[in-house]
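Knowing the structure of chain Z, use the given hints to seat chain F on it.
There are 2 protein chains.
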Amino acid sequence: MMSSTMANTSTASLRTAARSTPQPDAYAAYQTPLAVRLACRSGALTGPTAGMAPGYVQGNLAILPKDLAEEFLRFCHFNPRPCPVIGMSEPGSFKVPTLGEDLDIRTDFPGYRVWQDGEVIADTADVTDYWRDDLVAFVIGCSLSFEEALMAEAIPLRHVERNVRVPMFRTNVQCVPAGRFSGRMVMSMRPLVPAHAIRAIQITTRFPAVHGAPVHVGLPELIGIKDLMQPDYGDAVEVLDNELPVFWACGVTPQSVIAEARPSFAITHAPGCMLVTDRRNTEFAIL
Amino acid sequence: MMSSTMANTSTASLRTAARSTPQPDAYAAYQTPLAVRLACRSGALTGPTAGMAPGYVQGNLAILPKDLAEEFLRFCHFNPRPCPVIGMSEPGSFKVPTLGEDLDIRTDFPGYRVWQDGEVIADTADVTDYWRDDLVAFVIGCSLSFEEALMAEAIPLRHVERNVRVPMFRTNVQCVPAGRFSGRMVMSMRPLVPAHAIRAIQITTRFPAVHGAPVHVGLPELIGIKDLMQPDYGDAVEVLDNELPVFWACGVTPQSVIAEARPSFAITHAPGCMLVTDRRNTEFAIL
Chain Z
1 MMSSTMANTS
11 TASLRTAARS
21 TPQPDAYAAY
31 QTPLAVRLAC
41 RSGALTGPTA
51 GMAPGYVQGN
61 LAILPKDLAE
71 EFLRFCHFNP
81 RPCPVIGMSE
91 PGSFKVPTLG
101 EDLDIRTDFP
111 GYRVWQDGEV
121 IADTADVTDY
131 WRDDLVAFVI
141 GCSLSFEEAL
151 MAEAIPLRHV
161 ERNVRVPMFR
171 TNVQCVPAGR
181 FSGRMVMSMR
191 PLVPAHAIRA
201 IQITTRFPAV
211 HGAPVHVGLP
221 ELIGIKDLMQ
231 PDYGDAVEVL
241 DNELPVFWAC
251 GVTPQSVIAE
261 ARPSFAITHA
271 PGCMLVTDRR
281 NTEFAIL
Chain F
1001 MMSSTMANTS
1011 TASLRTAARS
1021 TPQPDAYAAY
1031 QTPLAVRLAC
1041 RSGALTGPTA
1051 GMAPGYVQGN
1061 LAILPKDLAE
1071 EFLRFCHFNP
1081 RPCPVIGMSE
1091 PGSFKVPTLG
1101 EDLDIRTDFP
1111 GYRVWQDGEV
1121 IADTADVTDY
1131 WRDDLVAFVI
1141 GCSLSFEEAL
1151 MAEAIPLRHV
1161 ERNVRVPMFR
1171 TNVQCVPAGR
1181 FSGRMVMSMR
1191 PLVPAHAIRA
1201 IQITTRFPAV
1211 HGAPVHVGLP
1221 ELIGIKDLMQ
1231 PDYGDAVEVL
1241 DNELPVFWAC
1251 GVTPQSVIAE
1261 ARPSFAITHA
1271 PGCMLVTDRR
1281 NTEFAIL
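Sequence lines, in order, name chains Z and F. Just so you know, we're using the numbering used here here: the first sequence kicks off at 1 and counts up by one. Just so you know, we're using the numbering used here here: the second sequence kicks off at 1001 and counts up by one.
Pulled out of the complex, with its shape left as it was, chain Z reads as follows (with noise of 0.2 Å):
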């Protein structure tokens, strides 16, 4: 079973934790993602989601309280590139039926990270005791749906070769603003040599609803970039001589942003505890 140390987001914890990577041989159980789920909703599944149940679409969460989740949406709307909404409840509902008909928010997540006034009050396997009527839940895309389908076109990605979590980068790019959230957008950084960025670009474009094509290449200075081995968030890898750092926008700024607007209170996932949805990756390409 996946230790739940992920609960602790540090750089210096993340930074060396290749632990907290899964081992796809540990998961010959976890191949549907109603497997998955049921295993998160029993309590026997508790770590990272990474590798599980190929193909279909894992997301990231976020639950705020309904007056704040409609300036949320409202920045989503405005920063689709780091904030690709996937899926939504009702106000109330702990249901997202279009990700997965029997999926309960409340406790299909590996683990979840609960916040008061911005400050981590829980690490939790389970939120049902801390659901309220007025929450709205939001399922965000992740870039694990884009990298499989870079690795089946034979794109070798460095963090996953090493198995260790890709490095992100707080930038100097801004998001656009709505209500009580902004902030500067995280972005994820996976190095390669021109041909395959220029591959990179051509594929990831097809996917819009988890984080689309990169928004830098090659030039990490201009984003506010000192060294590209002090990553803000996740495990460092190198840029050889003979490659380009491709940057993509990332499902981190959201949680981010939210950490900045310190609401009275909100829950997110836990590091790496993805949702493991219904949908298959490859119904979320445009073309």
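Since the hints were derived computationally from the structure, they do not count as laboratory data. A virtual CB, placed ideally from N, CA and C, is assigned to each residue, including glycine. Take these hints with a grain of salt, some might be off.
[Stated by the list, open to error] Ranges between beta-carbon positions, derived for each pair:
1) Asp117/Z / Glu1161/F: 46 to 56 Å
2) Asp117/Z / Lys1226/F: 53 to 63 Å
3) Glu1161/F / Asp102/Z: 26 to 36 Å
4) Glu1221/F / Ala154/Z: 22 to 32 Å
5) Ala195/Z / Gly1051/F: 24 to 34 Å
6) Glu1221/F / Arg162/Z: 22 to 32 Å
7) Ala195/Z / Leu1240/F: 18 to 28 Å
8) Arg162/Z / Ser1264/F: 49 to 59 Å
9) Ala152/Z / Pro1177/F: 22 to 32 Å
10) Trp1131/F / Glu153/Z: 26 to 36 Å
11) Glu153/Z / Pro1097/F: 47 to 57 Å
Just chain F now, with coordinates in the frame of chain Z:
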């Protein structure tokens, strides 16, 4: 009327050849492909065609004897990025009706270059006297089409702003050889800020028949380019600190490969003096 100095392709002469680039306001009379072709046919137009008949595909020319033509078609087939064949005549025919019903390949370019045993034996505005029953004409897509698509999205192109020719480099990337044809790929370079580079990759991907997506970005030393300010053809334009050099396969490649093959006989277009066809650029978009 245009000067005919474009017939001289030495790098030194081209590097100072702002004079060889057309001024858009000089072409009020050449708004339609037919008008351009008729002006060529009558001898009234003997200079570059850039900027004429906006929206319509322009093409490069290669004419070879039938036995070489078969090998050349094979070469183009296996090197579609630098050598996208958009039209081809039947052996002995000087018609390519798919590109224009009235089109006469012997007269409808503003200028031609006639080659014998690898040497230029004539620069002329009409090759009727050189025509032979065994000749096959190839019309090859050119970058003017995708540049129009880039400019339509307000992506600035420095060589256009400067009114000079795009810089082109003979890279160390080998084309796939076919028969007597082989050689290195020539690429055109356009400096773009990263966001424009990403968008330009998306836009030009839609146009595989006119060179398509870039083949390289960002690291010119990897493709054998030592100094971006010393192009092998065209004019130098600087790459600013906030820009990446973006490289597309170039239609000068087939000309360079034909010159190296030293065929017994060949005809090409004079530099910059393209065929203006009845096909719209947008017809060549695959999506």
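Verification of the supplied hints:
1. Asp117/Z / Glu1161/F: 46 to 56 Å: Since the Cβ atoms of Asp117/Z and Glu1161/F sit about 53 Å apart, the hinted range of 46 to 56 Å holds.
2. Asp117/Z / Lys1226/F: 53 to 63 Å: For Asp117/Z and Lys1226/F the Cβ distance comes to about 59 Å; the hint holds.
3. Glu1161/F / Asp102/Z: 26 to 36 Å: 59 Å Cβ-Cβ, so the 26 to 36 Å window is violated.
4. Glu1221/F / Ala154/Z: 22 to 32 Å: holds, 25 Å
5. Ala195/Z / Gly1051/F: 24 to 34 Å: About 32 Å separates the Cβ atoms of Ala195/Z and Gly1051/F, which means 24 to 34 Å holds.
6. Glu1221/F / Arg162/Z: 22 to 32 Å: holds, 26 Å
7. Ala195/Z / Leu1240/F: 18 to 28 Å: At roughly 24 Å between Cβ atoms, Leu1240/F and Ala195/Z fall inside 18 to 28 Å, so the hint holds.
8. Arg162/Z / Ser1264/F: 49 to 59 Å: This hint holds: roughly 57 Å between Cβ atoms.
9. Ala152/Z / Pro1177/F: 22 to 32 Å: About 31 Å separates the Cβ atoms of Ala152/Z and Pro1177/F, which means 22 to 32 Å holds.
10. Trp1131/F / Glu153/Z: 26 to 36 Å: violated, 47 Å
11. Glu153/Z / Pro1097/F: 47 to 57 Å: Given a distance of about 39 Å, which is not inside 47 to 57 Å, the answer is violated.
The structure fails hints 3, 10, 11 (numbered hints given earlier, in ascending order).
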